[in-house]
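Asks: Protein chains in written order, with the numbering used here: chain A, 1 to 290; chain B, 291 to 545; chain C, 546 to 836.
What the hints contain is simulated information worked out from the structure, not anything from laboratory work. Note that beta-carbon positions come from the ideal geometry of N, C-alpha and C, so glycine has one too. Fair warning: there could be bad hints in the mix.
Claimed, not checked - Residues on chain C that point at chain A, a partial pick, calculated with CB under 8 Å: (1) D548; (2) F577; (3) G630; (4) G675; (5) L676; (6) I678; (7) L793.
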Amino acid sequence: MLAQQLINGVSVGGVYSLLATGYALIYSLLGFSNWAHGEVAMLGAYIAVMSVVTVKMPFIPALVLAVTGAALISFVNERVFYRRIRSNNSPTMFLMIAAMGLSTTYKNLIVVLVGPKFKYFPSILTVESMEFFGLTVGVLDIISIIVSIIAIFFLDFLIYHTKFGLGVRACASDSTTSELLGVNVNRYILIVFLLAGALAGCAGVLLGMKYTVYPSLGNVALKAFIASVFGGLGSIRGAVLGAFTIGILETLVSAYISSGLRDLFTFGLLVAILLLRPEGLLGKSVEQKS
Amino acid sequence: MSRILGISNLTMAFGGVRAVQQFDLLLEEGGVHGLIGPNGAGKTTIFNVVTGIYRPQSGSVLFEGRELVGRRPFDIANAGIGRTFQNIRLFPNLSALENVIIAGHKDASYGMLEALTHLGRYGRVVRAQREHARELLAIVGLDAREKERAGSLPYGLQRRLEIARALAIRPRLLLLDEPAAGMNEEESVALVNFIREIRRRFSLTIFMIEHHMDVVTSLCDEITVLNFGKILARSSCMEEIKKNPSVVEAYLGKE
Amino acid sequence: MSDYTQGVVILICVNAIAVAGVSVLTGFTRLFSFGNGGFMAIGAYTSAILTKVYGAPLALSMPLGMACAGAAAWLIGKLTLRLKGDYFLITTLGFGECIRVALEYAYKLTGGPRGYSNIPHYTNAYLAVGLLIVSLIVARNFIQSKYGWHFMAIREQEVAAEAVGVDTAKYKLMSFVFSAVYAGCAGVLFAHYLRFIAPNMFNLEKSAEWTITVVIGGLGSLSGSVISSVILTLLPEVFRGLAEYRMLVYGAAVVLIIMLRPNGLMGYRELSSFFPALFRKSRSDREEEAR
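Using the sequences provided together with the hints, build the complete structure.
Replies: Below, the structure written as structure tokens:
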């Protein structure tokens, strides 16, 4: 039983990590929590499910369309909204409020355009579950885990072992100096938003397949956000660490203590982290100077 | 004359970088002390330590005999130390008058109940506060513009407003961070006279950071030169300082 | 007055009182919180339980509900106000959700996620409007007192506020508690009107809605916040077909405002500055005019 729950937890953690890394990337570059990120995942899920159910598109192209669509929406958020707000010299807080506004807008746009009812993915998998050493494991969970691991390794390689990644880290550490040194900071920011959006799109589709697709799907991102804080806002490796930790712990709490306590545990963890070690496991100090 | 400020063995480090090393200073009451040095020498850092914004790794700051290190900035301000900032920190969306009234909060002798109802002493006290604030604005020549938004005032007037605001907390020691910044010769002379006047009128001791050597020479009875956080020279005579080879090197570089 | 109209008026008052509190916190002290819905919940549940289970009169349960909300804010604020702005925001979000989830979990006391019903009906339009007027006058007085000055100093330039002797930690806490007390009051009014409350009525969306309302109305403007709250509550009632679009408009409006007019509709200005003739001036203000 424990092994089963652990696998569940890892699968949940994997999905969280797809979202949490996106949060971390954006935070590291722009210094704000992109509340609209969850809605990017939600929109990705809707694109996929509508393509498959309404347009009768085969699954793989629908998936590609969803991931691309999510990446583009994330891109638009930055290019049209966030960049403009930054250029107004508005304080960072305003970016967060605007992100909250975008989140509300997207959620309700879907409610108005598509309707609030749940949408289901038809069964795509030929095999629902497999037997491993006496354990019954959902194939979808396995796919989630594999997708997240591939995405994490890809991202880690990209950020820590390529020239592009070096540029991102330079911008994250000091955007003004980077700009002075000739780095096109705005372009890096756009690419990062595209990446984060694509990852979110994957997460959205995975979530939509495991559960259902509904306008508030993005609320799950709040957990991923907590994971990101836990690992240290702005740290990608921290986000991954936090995501799996929370995914596993949350699943165990739900299975062995009480499912009603699951969310209390996670939010309680958020509060505890912020009070005891706000910089998370791998982040920088955040207390006010005076 | 008694000693109003005594800094001893002050060291302030940020991470691995030591911004100020073993700084010491004795200020006599009523004096004017100038702190000069190239940019980045650690001058504003010393101000920030004295006013409690930074906590030093070691050393002590005694104001009128009592230790300041470890106390919160507002507590230090209320003890009688006022300051202005290098990059002006006014309350931009509030009027000039409001900027000064806020600083005069010690005079707001009404309680929470009166604050919520505007009854009792509230009206009388607020009127008195306004009058006092107006007097200070008049001293800096801003009385005609009291209702203007502080952030929209021209640069020179903003600097004056900051001084008026600092005076409103009834300080005995006034820390001025580059008060003559951006001023031409005429304005600097006016500033020097102004500082002399407020020092006399409010019995102030003045500790200032400044780059305009004329202002420093006219006003200061003692000068400390700082570079890389360390004292290079100290003297009551500007000529002596100008001839000091390490000072020359700090400003102009080695031959 | 028909039942329906009464209901609309009461809802307007409930939202406006909560928004007034958030206006003081966010518009005048520049503290952003996504957790004030939790304080409304504390006020609502405290009063509901006291009146239904213990038969307490409203005159007792309302102040107690507000006090509990204020106490919670005091505790939370003491722990979290030392954090930087956006971390404080996240912590309030965390606490707000904790309160909501805790209310769901403690179902024996609170009825759990299904809600708490058969709350005695005490709220009518007169009580609601009366409380709104009183709370607005008190809020306005508070802002125009030394406490309001301190809040504004913190908002404008926190470092300079300390440099002129303002205990920023103490006043940030005061502002936070004030906003919680107002949220608690709104909660009590709401509980005794609707007669039914559930934890998910006081969620992140609610808290964010208040912050968004204040930003739209204009930071630093109490009247702007209240007016925008009234309009935003009233619009879907007046134009029935718009009800679905209400949150969509909210979200889009705040994004547009932040992009194009960050000071909001009435940023830093009050209604009285637009219509001086309509507003009775205090004696000291009239002396000011005469200068």
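Asks: Compare the structure with each hint and give your call.
Replies: Hints versus structure:
1. D548: Status violated, d = 27 Å.
2. F577: Holds. Min distance 6 Å.
3. G630: holds, 6 Å
4. G675: Interface hint status for G675 (chain C): violated (32 Å vs cutoff 8 Å).
5. L676: violated, 28 Å
6. I678: For I678 (chain C), the interface hint is violated, since the closest Cβ of chain A sits about 29 Å away, which is over 8 Å.
7. L793: holds, 4 Å
Hint compliance for this structure: hints 1, 4, 5 and 6 are not met, and every other hint is.
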